[in-house]
Amino acid sequence: MTNIKQTIFLTGATGFLGSFILNKLLEKGYTTIILCRSLKEKSAKQRISAILKWFNKDIKDYPNLRIFEGNLDEKGFGIDQGDYNFILKNTDEFIHCASNTDFAEKNRDKIENTNIRSLNNVFIFEESTKIKHFHYISTAYACGNVQKTCYEKLYETTDFTNVYEETKNKAEHLVAEYCLQANIPYTIYRPSIVYGNSITGRSRKFNALYFPVKSIAYLKKIMLRDIQTRSGERAAQMGVRLKSDKKILMPLRMKYIEGSRIDVIPIEYFTNVMINIFEKKINQGIFNITNSSPTNLKILTDYTSRYLSIDGLETVEGEITDKTALEKLLDSYINLYLPYIEDVRVFDNSNTNKVIQGEIKCPELSYEVFKKCMDYAISVEWGKELV
Amino acid sequence: MENEIYKTASNCRHYAMCKIDFLGTGICKSGPEKGFVAFYPQGRMDLYSALIKGRVPVTAAAWEIAETCDLCGICDKQCYFITELRPVKVMKALKDHIKNFLENGGVLLETKEDEFLNSLRNITGEKYSTNDPAILVTYSDDPCPLPPPVMPKYVTVPSNEEEISKIVTLCNNNDINYSVRGNGSSVMGFVMSPDLVIDTARMKGIRIDKRNWCVSVAPGVSSFELQQTVKKEGFRVNTAEPSALVCANIMCSGIFSLFSASYGINADNLVTAKFIDKDGKIFSMHEHGTKNLFAYERKDAQLPGICVEATVKMYPVTQDEEGILVPFSDLKGAIEFSKELSLRRIGIAIGILGGEYISTFLSPDIGLAKQIKTVFTDKLDIAYLVLIIGDSYALNSIKTMNVPIIDRDTFRTLYKGLGGFKDSQWSDLIKELSADRNSFEFLTDPSMKPLIESVLDPSEEGLCEYFPNDLKKFFIDIYKKDEYTDLIWLNEFRILSSRMGREKHVFAIIVYLPMEHEIIEAMNADFDKIGNNLGINHDYGFVTPMDQGKRAVFEYDYYIDHTNENEIMKARQAAGAIAQMIEGYSAKNPSVKWIRYTLYQGFTRKEHILYID
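Protein chains in written order, with this note's numbering: chain A, 1 to 387; chain B, 1001 to 1613.
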């Protein structure tokens, strides 16, 4: 019996999660159609080609990959009718991964446009064709600020940490409503915070977990330069100095809440679980792809200290007054991610566990894994070297 | 190599910065001695270019012009600072050209004195009137791309108003046309003449009247010279670009600057002025029965006379003044803030500058400017900066308005640490950290100062890293002087704005209009469109509110390579499109007034220009 793989229409293939989904789909032999924008001087095809190269793949080896240069935000995806009709005719299932992951309220309009309004174009597409299943990549945090446990269900709430969560929640509702009304089976995937590969350290995005480390590494570099070339006067104003053991003392306090958790998962775990669930076609399934043993700020601070060889990084319970310039600088970032750093929510992942049945385990974020990820990040200059 | 030298020579923008001592080096010795622009570096650049192109023969004056350059190198410093051109190699090439000509048997052409020239010389003295082509050619061009060059037959450099009066009478009697030339840059060809050009360069009188807080200047005095003189007495004047001659500038367009926010424009700064009329008679504006030069008519006016003295107001300077910058991520915000300041009479000088002000104008080097250009706009969200100069009361008021402020110290740090912005890690960091606020707020948070200094590592040495090795030490010493990084001094003397033409010649479009964001933004977008459609470089210039925020002066700039035929053609096309655009706005909104219609009416009351439709 021939195992003919279906044709999947994937959006967001140039993004972090989307690129790994694409890689997995190709490895599994799916015919994949991608909608992608050109960027700066690179065409859509060039962008995808570069991404595949990162996965040690040559685009030429995948005749079953079709790339269309267009834009989800535009009616008809901004592509010509012929191409649109081709996609309509050939799509079996739709994985909608495209998303704006910005948290900033000042960018609300842009975020809503991508995460909510562009769904209109997706639904119009679906109306014109008979897709067999719609897969929506959401976020675990679409549940909003629930008291304790986030279950794998739709949440009716207006209490969110930021516009990203809010739009993802709204989008889930729109997807569910539309698919029910159109009689299209759907599945919603809710990953928590995703970082690089726990085995190789490789990643294509360096925010969230990476950003504070990057910032502190940079600040260390600047302080060291001041100490080594300018007598360290400015560093001293910020309480920074070289200790007798030649380690740098860089006092940086971060507020910590006892019992708080940071739910991070490596990318290979997300991809493996997502594809596993995807292949099982569970209608109206909502799946939290999260870590049953999340880490916390204390652990990450310790890892960062060890990795960067810095003394003075510490977590402090309670409010910090009299913040230094360094603390104020990091504060802005910390404030944005504070709800995720001080999170006391528990993500119920019963549905996920039922599906994967223990076959896929979430790796622990040990120091070794942390180190691998940061080593890789530094080797690609925190993503600058990546296309 | 020869091509490079020719390219340097033909790229002279005629900003005449070689005629003012803005770096404290002194200026070219032969220039003031001889009077003609030909004896300044600017003129030598033009002469060399003309000789190579075969526009003029090698004459006795050409020899003298070459000989009188002692290759002191002052012009290299001056010109490099503004345009990154190095004129000394042109001076050397000029000398070599003449030397080779003579060594190959060439004979210097001696021009014959005709009757008219003889009469001119009887007025000015033999040395100060000429018909030698080597000198004439340096008055034949205006790098503004619109008019073609016009070679005069004579040039004269009188020393006082009596001589000018006699010259005018002489011209009338001989049916000779004349134009009066200031420092001759970008005045759309109006300072060129096929007959006689009168250069006022020798008339350098400045007379301060401290009791009445005013100063009288002769027509050869530049803005820089005037400002320098009055500053010593604790005053300031409203001036134009540093090398622009005060009287000529008033004549052409009236004086406007960022200080117009409080000092106004045109007649606001004027006490009186003295002229030689077309009959050679002297008259003063304040006298009864003379032509009413305060009046205005919206038409292409005729020269009312030759301004031989202008008496302008001096404004007292208090010791607690400071210059600050307030960044904005959009033009609307900047306009509304500036309007509010103007309404409340907060600040002496107010100007909305483009976000590239820091990278383009402050940067010592075009290469660095290009590298860091997008840092300020894209990473730091600084699309516009409102520059304010005010006393401590004004600045305290601004602090209560809850806007981010780049104060004097931070400005110095940014300026001397410009090279640090090349480190994209820093700007990327700031961008990512900014999330829900504008990135520039990190720069303006006082507690961030030690960190910003650590990152940017400001120093004169760091800033001058981009200067050529032979000029490095000189400029390190320059930047050690407070004034070169002081917003007040930089704007009083308008030194940095001279850099706007450093890549290409600039032609500025000036419009008076209501201080309303809708119309300013609309015109800005239309100016932008014209530049884009024609493929010429262009950029927003500045907006300054006036008259308590009722009106504004808006400058938009276009840049062209004035040595390139294709660009010249595009500039002419742009001029047509711009004219049509502005006239269109004026037709719909009579409060929009193009400065073109103030030519030769720079003495008028601003109310007559702005408020009488």
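Misleading hints may appear alongside valid ones.
[As the list claims (entries may be wrong)] Computed list of lysine to any residue pairs in SDA-like fashion (alpha-carbon distance at most 20 Å, straight line):
(1) K221/A x D1330/B
(2) K1332/B x T1377/B
(3) K75/A x E27/A
(4) K106/A x D1486/B
(5) K328/A x D1330/B
(6) K106/A x I1476/B
(7) K220/A x D1428/B
[To be verified] In silico negatives: residues of chain B with every beta carbon more than 12 Å from chain A:
(8) E1110
(9) E1233
(10) V1317
(11) S1454
(12) I1568
(13) W1594
[Said to hold, decoys possible] Not everything, but these chain A residues come out facing chain B in the computed CB check (under 8 Å):
(14) L174
(15) L224
(16) S332
Rather than coming from a laboratory, the hints here were simulated on the basis of the structure.
Keep in mind it's a predicted model, so treat the numbers as computed, not measured.
Beta carbons: idealized from backbone N, C-alpha and C, even for Gly.
Given L174/A as an interface hint, is the shortest Cβ-Cβ distance to chain B below 8 Å?
Result: violated, 25 Å to nearest chain B Cβ.
W1594/B clear of chain A by more than 12 Å, beta carbon to beta carbon?
Given a closest Cβ separation of 37 Å, the condition holds.
Pair hint outcome, K328/A versus D1330/B [Cα-Cα no greater than 20 Å]:
Judged against 20 Å, a Cα distance of about 26 Å means the pair is violated.
Would you check whether the claim that V1317/B is not at the interface survives, using Cβ distances to chain A and the 12 Å cut-off?
Holds, since 33 Å exceeds 12 Å.
Is the hinted pair K221/A and D1330/B satisfied, with a Cα-Cα distance of at most 20 Å?
violated, 33 Å
For K106/A and I1476/B, compute the direct alpha-carbon distance and say whether it is at most 20 Å.
violated, 42 Å
Evaluate the condition: distance from the CB of S1454/B to the nearest CB of chain A exceeds 12 Å.
Its Cβ does come within 12 Å of chain A, the nearest being 5 Å, so this is violated.
Proposed proximity, D1486/B with K106/A (alpha carbon, max 20 Å)
violated, 34 Å
Could you let me know if the closest chain A CB is still more than 12 Å away from the CB of E1233/B?
E1233/B clear of chain A: closest Cβ-Cβ about 40 Å, beyond 12 Å.
Interface hint compliance - S332/A to chain B, C-beta minimum distance less than 8 Å
holds, 5 Å
Is the hinted pair K75/A and E27/A satisfied, with a Cα-Cα distance of at most 20 Å?
Judged against 20 Å, a Cα distance of about 31 Å means the pair is violated.
Does T1377/B lie within 20 Å of K1332/B when you go C-alpha to C-alpha?
holds, 16 Å
Hint violations for this structure: numbers 1, 3, 4, 5, 6, 11, 14 and 15, all remaining hints satisfied.
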